[in-house]
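Since the structure of chain A is already known, use the hints to place chains B and C on it.
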Amino acid sequence: MSEELILTGEALDGAWHGPAGAAGEDEALYLELDGWEGPLDLLLDLARRQKVDLRRISILDLVDQYLGYIDSVQALRLELAADYLVMAAWLAYLKSSLLLPREEQEEPSAEELALRLQLRLQRLAAMRESAGRLMGRDRLGRDCFRRGAPEGLRVDRKNRWTCEWFDLVQAYGQVKLRSTPVVHMVRDRMVMTLDSALARVSSMLGVALDWMELRDFLPAHADPRLRRSALASSFVAALELARLGKAEMVQDECFGPLHLRKTAA
Amino acid sequence: MSEAPDDLVRAVEATLFAAEAPMSAEAISAHLGGADVTGALQALALHYACRGVAVVERGGRWHFQTAPDLAHLLRREREDLRKLSRAATETLAIIAYHEPVSRAEIEAIRGVQTAKGTLDVLLEAGWVRVAGRREVPGRPVIFATTPDFLSHFGLATRKDLPGIDELRAAGLLDPVEDTLAALMSPVEKDDEIRSDALASGDESA
Amino acid sequence: MSEAPDDLVRAVEATLFAAEAPMSAEAISAHLGGADVTGALQALALHYACRGVAVVERGGRWHFQTAPDLAHLLRREREDLRKLSRAATETLAIIAYHEPVSRAEIEAIRGVQTAKGTLDVLLEAGWVRVAGRREVPGRPVIFATTPDFLSHFGLATRKDLPGIDELRAAGLLDPVEDTLAALMSPVEKDDEIRSDALASGDESA
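Chains as they are written, first to last, in my numbering: chain A, 1 to 265; chain B, 1001 to 1205; chain C, 2001 to 2205.
Simulated from the structure, these hints should not be mistaken for lab results. Careful, some of the hints might be misleading.
[To be verified] Here are the computed lysine-lysine pairs in the DSBU-like style, where the Cα-Cα straight-line distance is at most 30 angstroms: (1) A:Lys158 <-> C:Lys2116; (2) B:Lys1083 <-> B:Lys1116; (3) C:Lys2159 <-> C:Lys2083; (4) B:Lys1159 <-> B:Lys1116; (5) B:Lys1083 <-> B:Lys1159; (6) C:Lys2159 <-> A:Lys246; (7) C:Lys2116 <-> C:Lys2083; (8) C:Lys2083 <-> A:Lys176; (9) A:Lys246 <-> A:Lys262; (10) C:Lys2159 <-> A:Lys176; (11) C:Lys2116 <-> A:Lys176; (12) C:Lys2116 <-> C:Lys2159.
[Said to hold, decoys possible] To spell it out: a stretch of chain C is covered by chain B in this simulated footprint if at least three of its residues, at any positions, have a beta carbon under 8 angstroms from a beta carbon of chain B; those stretches are: (13) 2015-2024; (14) 2044-2052; (15) 2055-2068; (16) 2073-2085.
Virtual Cβ for every residue (Gly too), placed ideally from N, Cα, C.
Isolated chain A (complex conformation) (with noise of 0.2 angstroms):
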């Protein structure tokens, strides 16, 4: 029931009649106990029972009335007894505090407590009205309804693809490059082989009486890489020659003419 009346915003004119209803009172105290979470709450219910501005209730009132309903909860329901007796044991010093010679009184004082008692109420109110109000609005879902059967937007991405002229022959380049078997091709050389020059040589010496220098055996007018050949091959041809004690070599100075001629039998 306490629900109903908050979601419909009537708790707000006073026109509610509080906990107790129609019933008698502790009965419906008792069975409304489920609705409420708490002491404010349950002073917010007590407060809007008097039918007066928050702004102008009597806490003295207040207490009383809420003490007086711990007092008959506790036989009922003893579970709730913790919670609620943090804030009836509050509001009975706060009671006997408003009871006291105001000069009597401890800081902070009654005023302070009652005042402060007072402003959280109205806070609580003003949330539970605005509550109210909020439920009670067009909601979608329920009062308003979107398209029931939308189509829905789909954005399909694509790719739009891109390639430099310079990146495609390239890269063809390169596959060229990668694919293409290599090839050594040893160019046709005209050489003078160690046979041939060992032949030549130890032919010409056969016939020579002195000392030859060893260029004297090369070919006269050869090409210069036979040359170069050649005179790789007769020097090879030399040194066999003088191993096998067929021929003397002499040599004046490093990097010198090199002399070649027949061992003496």
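Chains B and C in isolation, oriented as in the chain A frame:
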């Protein structure tokens, strides 16, 4: 037949109509290739104002919905709308009117501890979100409402929350401590102190 | 603002709008307490004829839909500019230089297997097309370039692609080893060689 709307209005109309969720003007614009849709949205809102469906803006997002006055015709038999507990509705209202707000602040107003499930229900409904942490000791999480909250309750902005201006003017959205400090500072001796103080509190807020 | 429609038209409009499936005139009528909705449906169809959404009848059942000429708004395409991968570029080059060419031939030239996606990308880009099948065992599909390929690369014909000799002249066919050797060899005559080598090395890199 009414006068034919221009192409942009038609395009915005079709886009909003087909959309499965509310769309911001920017999202509509982006969908339509960057056109300025502000005027078209206004034209649509005006055109549909008297019809059975309406174009509305909620929290910066636009959508079509049925006219509120036809609710009695459309209310569904099956109530699939989750019925909120009183604790949840109060908590939602406190968050909406005070946002951003921490759990401790919610509890200070309600005077009771907030059960874990209460906030969960609101988060799950998509009406409340965690809006960061308050930079005070303990760095408590703070809560705020979502655009879906505004859509659901038919609010264009939080300024449209029922009675929010009055509550603010009455100081009822200020912390108790602030109001108390303001009220207690004048050293009054009168018995009238309580009602006077509260009345002046109204004016000063 | 257009002229306000009557209540029945508004009710039919809202009912159709909120419906999750097309509704027959009878179903709408039943929903609205038995009112004759024929006229209202005609009025709605007429009203929406020129707008971005339409009220249409299909097989005796009515529903709202986006205006047919705006259907393209429901499925928009967004283009993302993407650069062709190295593998795709090589494949494209091979097709361009050797077309028509089968996948096996492309792989033989590239020396690596071609991922399925690579050819798909080229087909998607519109630069390559399937040009039939080669009449050899297995009848493999053969690929060739498209006119879009030529226009994208600014070529009048495929003959405009640089020949092997030109590639070599541009240093694009210089073996990496030669370039490296030229760079490493300290006994070259002068510095000109080295900077030349570097230049061609840059191009081929």
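ask   = Between Lys2159 of chain C and Lys2083 of chain C, does the CA-CA distance stay at or below 30 angstroms?
value = Answer holds: Lys2159 of chain C to Lys2083 of chain C is near 25 angstroms, not above 30 angstroms.
30 angstroms Cα cutoff - pair Lys1083 of chain B, Lys1116 of chain B = holds (17 angstroms)
message = So if I understand the rule, the pair passes when the alpha-carbon distance is 30 angstroms or less; does Lys2083 of chain C with Lys176 of chain A pass?
response = Satisfied, since the Cα-Cα distance of roughly 22 angstroms is no more than 30 angstroms.
query = Keeping to a limit of 30 angstroms between CA atoms, is the pair of Lys246 of chain A and Lys262 of chain A held or broken?
reply = Given that 30 angstroms is the threshold and the Cα spacing comes to 6 angstroms, the pair holds.
inquiry  = For Lys2116 of chain C and Lys2159 of chain C, compute the direct alpha-carbon distance and say whether it is at most 30 angstroms.
reply    = Holds, at roughly 28 angstroms.
task = Compare the distance between the alpha carbons of Lys2116 of chain C and Lys176 of chain A with 30 angstroms, and conclude whether the hinted pair is satisfied.
result = holds (22 angstroms)
inquiry  = Closer than 8 angstroms Cβ to Cβ for three or more residues is the test here. Does the segment 2044-2052 of chain C pass it with chain B?
reply    = holds (count 6)
request  = Would you check chain B against the segment 2055-2068 of chain C, counting CB to CB pairs closer than 8 angstroms, and say if three or more residues qualify?
outcome  = It holds, with 3 qualifying residues against the three required.
message = For a C-alpha distance cap of 30 angstroms, please report whether Lys2159 of chain C and Lys246 of chain A respect it.
response = Outside the cut-off at roughly 70 angstroms; violated.
inquiry  = Given the hinted pair Lys1159 of chain B and Lys1116 of chain B, is their Cα-Cα distance within 30 angstroms?
reply    = holds (29 angstroms)
key: Lys158 of chain A paired with Lys2116 of chain C [C-alpha distance capped at 30 angstroms]   = holds (19 angstroms)
query = At a Cβ distance under 8 angstroms, does chain B reach at least three residues of the segment 2015-2024 of chain C?
reply = As far as the segment 2015-2024 of chain C goes, the hint holds, because 3 residues have Cβ atoms under 8 angstroms from chain B.
Hint compliance for this structure: hint 6 alone is broken.
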